[in-house]
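S.K.: Chain residues, written in single-letter form:
Protein chains: 2
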Amino acid sequence: MAEQKKMVDEITSMEEDFAKWYTDVVRKAELASYSSVRGCMVIRPYGTALWENVRDELDSRFKATGHENVMMPLFIPESLLQKEKDHVEGFAPEVAWITHGGEEKLQERLCVRPTSEVLFCDHYSEVIHSYRDLPKLYNQWCSVVRWEKTTRPFLRTMEFFWQEGHTMHETAREAMEETELMLNVYADFAENCLAIPVVKGKKTDKEKFAGAVATYTIEALMHDGKALQSGTSHYFGDDFSRAFDIQFTGRDNTLQYPHQTSWGMSSRIIGAIIMTHGDDNGLVLPPKVAPVQVVVLPIAMHKEGVLEKAAELTKTLSKFCRVKLDGSDNSAGWKFAEYEMKGVPLRLEIGPRDIEKNQCVLVRRDNREKTFVSLDELETKIPQLLEAVHKGLYEKALKRREEMTYTVSNFEEMKDYADNKPGFIKAMWCGKLECEEKLKEEAGVSSRCIPFEQEKISETCVACGEAAEDMLYWGKAY
Amino acid sequence: MAEQKKMVDEITSMEEDFAKWYTDVVRKAELASYSSVRGCMVIRPYGTALWENVRDELDSRFKATGHENVMMPLFIPESLLQKEKDHVEGFAPEVAWITHGGEEKLQERLCVRPTSEVLFCDHYSEVIHSYRDLPKLYNQWCSVVRWEKTTRPFLRTMEFFWQEGHTMHETAREAMEETELMLNVYADFAENCLAIPVVKGKKTDKEKFAGAVATYTIEALMHDGKALQSGTSHYFGDDFSRAFDIQFTGRDNTLQYPHQTSWGMSSRIIGAIIMTHGDDNGLVLPPKVAPVQVVVLPIAMHKEGVLEKAAELTKTLSKFCRVKLDGSDNSAGWKFAEYEMKGVPLRLEIGPRDIEKNQCVLVRRDNREKTFVSLDELETKIPQLLEAVHKGLYEKALKRREEMTYTVSNFEEMKDYADNKPGFIKAMWCGKLECEEKLKEEAGVSSRCIPFEQEKISETCVACGEAAEDMLYWGKAY
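Going down the list, the protein sequences come from chains A and B.
Going by this note's numbering, the first sequence opens with residue 2, and the numbers climb by one from there.
Going by this note's numbering, the second sequence opens with residue 2, and the numbers climb by one from there.
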């Protein structure tokens, strides 16, 4: 056997050490690696291709809902950051400060944007004058920086990649509709593109975005029972408009403040993909964003005509799916393990006997199911199988989430489940901050959201026993 | 007539004040606006859409030549920047320094990347071990920051957008071939996509990139006779490999240093588009990257069926070109001026009489030529007309460049032309730095490139009169 490019060695099993399993997968599937820059990742070609597919899918949804992309500055002058009180309090402790340009000390410090509300507002104050200038439906793709103490690839890094939508509207109602619309876009994308089931809801005041009136979220449950906030949509009212003196002449000829939203999804979503679908053999990618949907592996490659046939098939397949041929001299066993590790949804094997029978073998990554398919039927069978993988992944994730979602009605139960049952815990809440803080401190769970789909579990708050207002999802979170 | 959203007021004519014409076009075509952040632009939706088309066209050329995208950190620790001597000398004076993260003073300063050679090398030292790991053909799309004193939108800004390719190869020859390949990709893109004729050549040592062995460039001539360096491709030899201790086991089992290239094209290219094709009515966009290729304008819109027919046509056209309908209540005259200002390549007018005759009028932006076209022939005629606009723009630009390219053979002539004839000046050079500096100081021209297509103008250097080595393009530059 020829020298192998590298060995596919064992990855830590999920059961043994989930955190280590995660970093093993990130590293061995070559999604990202650490850099010499503390807290910053190098996103490698495979990870970048995955992110580009996420970006393109989201971007087309944004454009279909009337949004336009812009590119805003990387820096925010300190005085601009300070214009909205709650916002600066939330972000100032975690920004990177630029004090020098070349040799020259700056008169005013600049921070690297941790988010861009103030930059958009600064621009909006220049371009919004009349109700005819509204709505402004802008988005940008960029990276932002937040000074984090501990970091993990994709989940929490100092610099991360995201999109941030920032919109301005004539009325509060329109802005609230936008907030909801974009939350639904995120939920649709998570479920129909990434096969990740999500709970839609509202954040409590404690957990909302700094400066927002209300924050909405989609929450997903990871394999280890921890929650991952996967996308957020914020309604700001006119607080920033007032702080930035953005005014427009309304239909009634009076000066008015526009109403604002922002919404974001970040490279964290790659962490969600890994921890929702992955298994002990590595990554499992949802077909709609997988950089390679089908890997073609010639079997008994030294036999005449096999590699040629595999190359011919690859060319045909490239017309309707993302396909890669591995004609390297690594062993078939090595290749099987390698592309399982990389989470490629379908493996196509073709050897001399298959060629004789005008067929090939298709193996699903998610359940290892094998199908013999005639070479004449690939154009219909492969899309069907990719769809089946998508559906299989979604259903498996949904089933797991349902099995790991618990209901508790008093504080003792909450503590017990929080300690012993990783997952979502549904429980009633009175709406008081002190109860939320007690649950955090004494049971170790944070509120994930007030779901839009409410149930009445009991009459009383799980923390204080007084009259409850809402049912919430609680849990441990990334 | 209804209230108009805004007036298309006059822009300064090119003849009167070219610099003011340029900023007028940038502002009034809504490509970009200034921000509160010194030296940083806000790239508005129209400018961003243009940049995204540039990006997508280039990106598909990079992928077709085997390159993969990655995403590298935004920051470079000071010690990492200092690893390659010439490189740090070139860039350290113009970087932005981060000294604090939140409240905490950093132990080591970080700069915001001015370019990413050192970040790629740091990563390559981790992932390159064997000749089997080569070549590495990476690219990234990002923004970089250089602390500029004076700034002009797109042409020179503190933060600018670009792509930077960074590749590693087994042999010097392969790396040199890559350098040349990517220069050709840029030239092909400039000419066949942007309709900008370019001169390909090599930079002198004085003008080459900090740390490079050789820099190649494509140079374009702007409307005012100044040159714009539009894309560069650098060959590094193994200097960085040695500085970063990147070694691989070669085919002969010895440890070797790989050979490196980098290449970049930036948002400056938007400045080149504006200053190559624009006229006194505003922007003129090359069809292949124009965000809107055809604007549909209903004439006598109040007449029954006109707006409906225009909307129906727009829908049909959207299948084969980028099309926009303007059904607003602004006057036809206002709309004509607005879309001329925005440089939309084709204007489609349709009124009640056209509908009767089953035809419409197509007007070219570049030469205002009108064509009546049957509504049944649009799918063939529009692509033909877009191609004709592209060709027209290229030929016009090439003709202007030829008319503005002069040949001189002694220093007096050089001074005379430099003072009185804006354009490229071809002249012989002996190869000595002092002659290049003399031409800069006394004639005000810098060397643009040593073109691949050489001519022998005379035997002697235009500056010192000694034996000449090469013919160079000289000029004033952006």
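Worth flagging that the hints you see were computed from the coordinates, not collected in a lab.
Honestly, I wouldn't trust all of these hints.
Pairs count within a copy or across copies, as identical chains cannot be separated in the list.
[Stated by the list, open to error] Below 30 Å or equal to it, Euclidean Cα-Cα: the simulated DSBU-like pairs (lysine-lysine) are: (1) K441 / K400; (2) K29 / K137; (3) K382 / K304; (4) K289 / K320; (5) K137 / K316; (6) K150 / K84; (7) K137 / K325; (8) K320 / K227; (9) K477 / K137; (10) K209 / K106; (11) K227 / K358; (12) K64 / K457; (13) K137 / K320; (14) K86 / K422; (15) K457 / K106; (16) K382 / K320; (17) K392 / K441; (18) K358 / K106; (19) K84 / K325; (20) K84 / K29; (21) K289 / K441; (22) K392 / K207; (23) K137 / K439; (24) K106 / K150; (25) K84 / K106; (26) K477 / K358; (27) K84 / K21; (28) K397 / K21.
Only a predicted model underlies this, so the values are computations on that prediction, with no experimental measurement involved.
S.K.: Confirm or reject each hint.
M.R.: Hints, one by one, checked against the model:
{"no.": "1", "hint": "K441 / K400", "result": "within (27 Å within a copy, 73 Å between copies)"}
{"no.": "2", "hint": "K29 / K137", "result": "between (43 Å within a copy, 18 Å between copies)"}
{"no.": "3", "hint": "K382 / K304", "result": "within (27 Å within a copy, 52 Å between copies)"}
{"no.": "4", "hint": "K289 / K320", "result": "both (15 Å within a copy, 24 Å between copies)"}
{"no.": "5", "hint": "K137 / K316", "result": "between (44 Å within a copy, 24 Å between copies)"}
{"no.": "6", "hint": "K150 / K84", "result": "both (26 Å within a copy, 27 Å between copies)"}
{"no.": "7", "hint": "K137 / K325", "result": "between (42 Å within a copy, 18 Å between copies)"}
{"no.": "8", "hint": "K320 / K227", "result": "neither (40 Å within a copy, 45 Å between copies)"}
{"no.": "9", "hint": "K477 / K137", "result": "neither (37 Å within a copy, 41 Å between copies)"}
{"no.": "10", "hint": "K209 / K106", "result": "between (36 Å within a copy, 29 Å between copies)"}
{"no.": "11", "hint": "K227 / K358", "result": "neither (48 Å within a copy, 67 Å between copies)"}
{"no.": "12", "hint": "K64 / K457", "result": "neither (39 Å within a copy, 55 Å between copies)"}
{"no.": "13", "hint": "K137 / K320", "result": "between (38 Å within a copy, 27 Å between copies)"}
{"no.": "14", "hint": "K86 / K422", "result": "neither (40 Å within a copy, 57 Å between copies)"}
{"no.": "15", "hint": "K457 / K106", "result": "neither (60 Å within a copy, 50 Å between copies)"}
{"no.": "16", "hint": "K382 / K320", "result": "both (14 Å within a copy, 28 Å between copies)"}
{"no.": "17", "hint": "K392 / K441", "result": "neither (36 Å within a copy, 67 Å between copies)"}
{"no.": "18", "hint": "K358 / K106", "result": "neither (75 Å within a copy, 69 Å between copies)"}
{"no.": "19", "hint": "K84 / K325", "result": "neither (51 Å within a copy, 38 Å between copies)"}
{"no.": "20", "hint": "K84 / K29", "result": "between (45 Å within a copy, 29 Å between copies)"}
{"no.": "21", "hint": "K289 / K441", "result": "neither (37 Å within a copy, 56 Å between copies)"}
{"no.": "22", "hint": "K392 / K207", "result": "neither (36 Å within a copy, 60 Å between copies)"}
{"no.": "23", "hint": "K137 / K439", "result": "neither (41 Å within a copy, 53 Å between copies)"}
{"no.": "24", "hint": "K106 / K150", "result": "both (27 Å within a copy, 14 Å between copies)"}
{"no.": "25", "hint": "K84 / K106", "result": "both (23 Å within a copy, 24 Å between copies)"}
{"no.": "26", "hint": "K477 / K358", "result": "neither (53 Å within a copy, 69 Å between copies)"}
{"no.": "27", "hint": "K84 / K21", "result": "neither (42 Å within a copy, 33 Å between copies)"}
{"no.": "28", "hint": "K397 / K21", "result": "within (23 Å within a copy, 62 Å between copies)"}
Violation of the numbered hints given earlier is confined to hints 8, 9, 11, 12, 14, 15, 17, 18, 19, 21, 22, 23, 26 and 27; the remaining hints are satisfied by the structure.
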